[in-house]
Every structure is written in C-alpha cells, then in structure tokens.
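Novice: Order-wise, the sequence lines are chains A and B. Here my numbering is used: the first residue of the first sequence is 1069, the next is one more, and so on. Here my numbering is used: the first residue of the second sequence is 1069, the next is one more, and so on.
A hint or two may mislead.
The list makes no distinction among identical chains, and a pair is therefore deemed to hold if it is satisfied within one copy or across any two copies.
[To be verified] Heads up, simulated DSSO-like pairs for lysine-lysine below, C-alpha to C-alpha not over 27 Å straight-line: (1) LYS1111 <-> LYS1137; (2) LYS1267 <-> LYS1111; (3) LYS1201 <-> LYS1155.
Honestly, the hints are just simulated from the structure, not real lab data. Note that the structure is predicted; figures quoted are calculated from it, not measured.
These are the residues of each chain, in order.
Number of protein chains: 2
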Amino acid sequence: MNILIVFAHPEPRSLNGALKNAAVSFLEAAGHKVIVSDLYQQKWKAQADGSDFLQYTEDQRLIVAQAAKEAYQRGLQSPDITAEQEKVLWADLIIFQFPLWWFSMPAIMKGWVDRVFTNGFGYGIGQRYGGGKLAGKKGMLLITTGGDANTFSERGIHGNIHDLLFPIHHGIMWFTGMAALPPFLVHSANHLSESAINKAIEDLKERLSTLETTATIPYYSVPNGDYDEQNLLKPHLHLPQTKLEMHVQ
Amino acid sequence: MNILIVFAHPEPRSLNGALKNAAVSFLEAAGHKVIVSDLYQQKWKAQADGSDFLQYTEDQRLIVAQAAKEAYQRGLQSPDITAEQEKVLWADLIIFQFPLWWFSMPAIMKGWVDRVFTNGFGYGIGQRYGGGKLAGKKGMLLITTGGDANTFSERGIHGNIHDLLFPIHHGIMWFTGMAALPPFLVHSANHLSESAINKAIEDLKERLSTLETTATIPYYSVPNGDYDEQNLLKPHLHLPQTKLEMHVQ
C-alpha cells in the first residue's frame, strides 16, 4: 500500500515521534511505501484564508468553499495545498497521528483538513459519506491521550472515545469517502514506563500488520442509498440505541 | 454581564460578520460589556509550539502541558496568550462564534483553545468538569452550518448536532468549569435569503435576551462527586440511553 502519515506533534523526541518512527520502519520493511507530512516541521499554515486562493483579491467578499473550489479547478491553489493533495491522491491509506488535545486534533492538523480536503477535491455535490472524492481509500487515527482507558470508557469521565471521535471518523474520513479503520490509541501517554512504551510500539506493529484485513467502521452510506431525499436515514434502517453501536462492530 | 466573543471567520462581510455585529450592538444596548477577539483580524497564531513558552529552548524536549504550566506560573507565556487569558478572566460568558468546518471549529479557533486554556490556567489536577479553573463562567456556541436542520437531526445524514458538539460542550467548556448554554445555530448558511438572514438575527437577539435565565446543559460533575476514584460514573447514576439525553434537557 501507499501510506501517508500526517503527523502533528511539535517535538520529534516525543512518544509520538517514537511511535511515528517505529511505524515508518515497520511499514517500509513490510513492503509498503510511506510518506510523512510532518506538519510542525513543514511549518504548515493552519488557518484557511483568502491567501490560499491565488485568484482571490481583498476587495471581494470571501466565500471559502466557493473560492476553494474555483482555485482547485483553475489550478490557483496555494502550492502547499496542492502538494498535500497530491500525496492524498497517491495514498491508499492516510494515518492521522496526533496527541488528543481537547478531545480533538491539534489546531495545526485541523488546519490541514480545513485547507486540503476542499470543495471539489475532497467532496462535491452529492459526493459524500462513502461517495466522496476519496472513496476507496482508508483512514486511521493514531492517537495518544493523557487519560487512562477507563476515563474514555462508556461510563468514563471524558465520555466514550468512539463518541468523541465520531466527528472525525464520520465527519472527516467517511464524508470524503475514506473508510475508517478502528483507531489505535495509546492512553496515559505522559506516564508510560519504558517497558509500557515498548509494549505500545509492539501493539502498534501488530495493528499495522493487519491493515488490509481489519474491518473498517460500518457507517451508513450515500452510494448505498441509505438516506432519503431529505438526507434522513430511511425508515426501514435501524437507528442505533447508542452511537457506539454504529461506530464499531 | 461581561461577555467575550471569540470570533473566527476570515470575512467581515460574511453572515457570521453580520451576526457578530448584531450581537455586539444588542448586548451593549442591553447593558452588557462586550469584548470581541477577532482571531483572523488579530492574526492569531493557531499552532501551539515551543515559542509559546519563553523559558523553553530548543535543546530541551518539549512537553507541552508541562511547559505551558511552567510558563503560566512564572509569567513567561507569549504575550498574545496572556492577553486572551485576561479577557477570559474578565468574562462572565464566552461566546465562541464560527462556521462549522468539518463538524468542528476552524483551525484558528482550535488554536485559541489549545494555546489559551492551558494547564494551570484552564484546569489543574482534579480541577475539571465543573471544577475547572473557569468554574462559574458560562460558554455558548454561535455556529453557522452548511446543512439544513434535518441533516443534523437524530436521523440526519451528519448525525445529531448535539452529539457532534459534545467534544466542545463537554470536553472544552465543561472541562474548564464553564457551564454550556444551548448552542445557537444558523443552518443552511450559504443559501439564506435576506429575510431569512433578518429572521436569524431576530432569533439571535431573542436568545441573547435570556442569557441569564436559560438553563445550561446538565452534565455530570466532579465537584458533585458524580465520578468514583477510577473516574467512572458512580454505579447509582443513570447512564443516558443516548448521548442526546445527557446533552440537552
């Protein structure tokens, strides 16, 4: 597989850095091709604004989704955006790796999503939720968290991790057509002993050895006709009792 | 009340700009004091990194939460962070206003959260979920979305809006102690007629006229002793059948 790792941690000597390096080595040894977008090292511009669209001038009212679509179609995107889009098109799998900050992505990675998965490139009219422009690709989160596994369980203080990640798995990956592999989580990231870090790396390698066979999260789908013309789940389809059921088989 | 509006939209002539201006005028006329942090206009730096902490040098391994706490305690934060923290301390209510991008905040606002609500300022050991450093304050989302209300309903294609906003309401606001008012949402933001925009502004004013009396979202609470020593919801407390029940009364 061609694998793009989008990496968002400011410190190469971090646990995240160690996990990333281990992942790259393991995947390459297994015969995959790997590209890393190291967002901090690339000094990735996080905020989407008019300077992303070379046709845009300040006297115009900026409508981001429209301007982004026009820039994409006319080849007038900021070159850093185009470079990332080319990596996305090349990839069969995108791994989003980051420390969970405020139960979501660090800003620099959110800005990668905001600026790269643009209207026309990531999705289009009617092209979303399994039918997005990136359909056929897979996505996977590789996340470190500060809490232990208990705190992210169904009765945990932070709420269920699968609920917390729903906006990313469903709203970012699946929206663009990418099928989401179950996330790989390393909890208590600030308090791991050396042996616990080694175990996390071994567990990660095991997960990475089954990328092609692990089932993706089974969301409802636009191409399957699961939604009606009002964008509501069709009446014969079962709404899960809890979101958890829908998230993970 | 003292009200801080944190505003994240790159275009002053946008619907968001009109809503923000209407909110400021209405709130001031009602006797409140209002400060706006216009993140794009301030050229807010979105990514958290070592340059946020003046004691940090590149030969050190950067551990963000530790470095942030030390910088806060020693008065060595980047001045832009301190300036925003002073506004937060001044405010009784913080309104987070933004267009919903990828079912979350634009990167520039996520970066405001990442960099301002630091360890020691926003939360501390055991100080979270109603017991955070900002307890007693309220928070409210003012959001525009691209989809219509149907698409964010319980059977809607995007998923229930309250589930999508749970990481923000619970994981950002309530984590720091801020009680979350129900969000004010303007749907179909790119397709509103002038009369629909006027109606949205009138509806917003009505919501803003009841800030002091509207009930906040009733989450479980650390100061109430709702969680045990393992950070699990205590056995006698009812876990909602759906997250929706927990989110909104």
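Novice: Would you mind marking each hint as holding or not holding in the structure?
Specialist: Outcome of the hint check:
no.	hint	in the structure
1	LYS1111 <-> LYS1137	both (24 Å within a copy, 24 Å between copies)
2	LYS1267 <-> LYS1111	neither (31 Å within a copy, 42 Å between copies)
3	LYS1201 <-> LYS1155	within (14 Å within a copy, 42 Å between copies)
Of the numbered hints given earlier, the model fails hint 2 alone.
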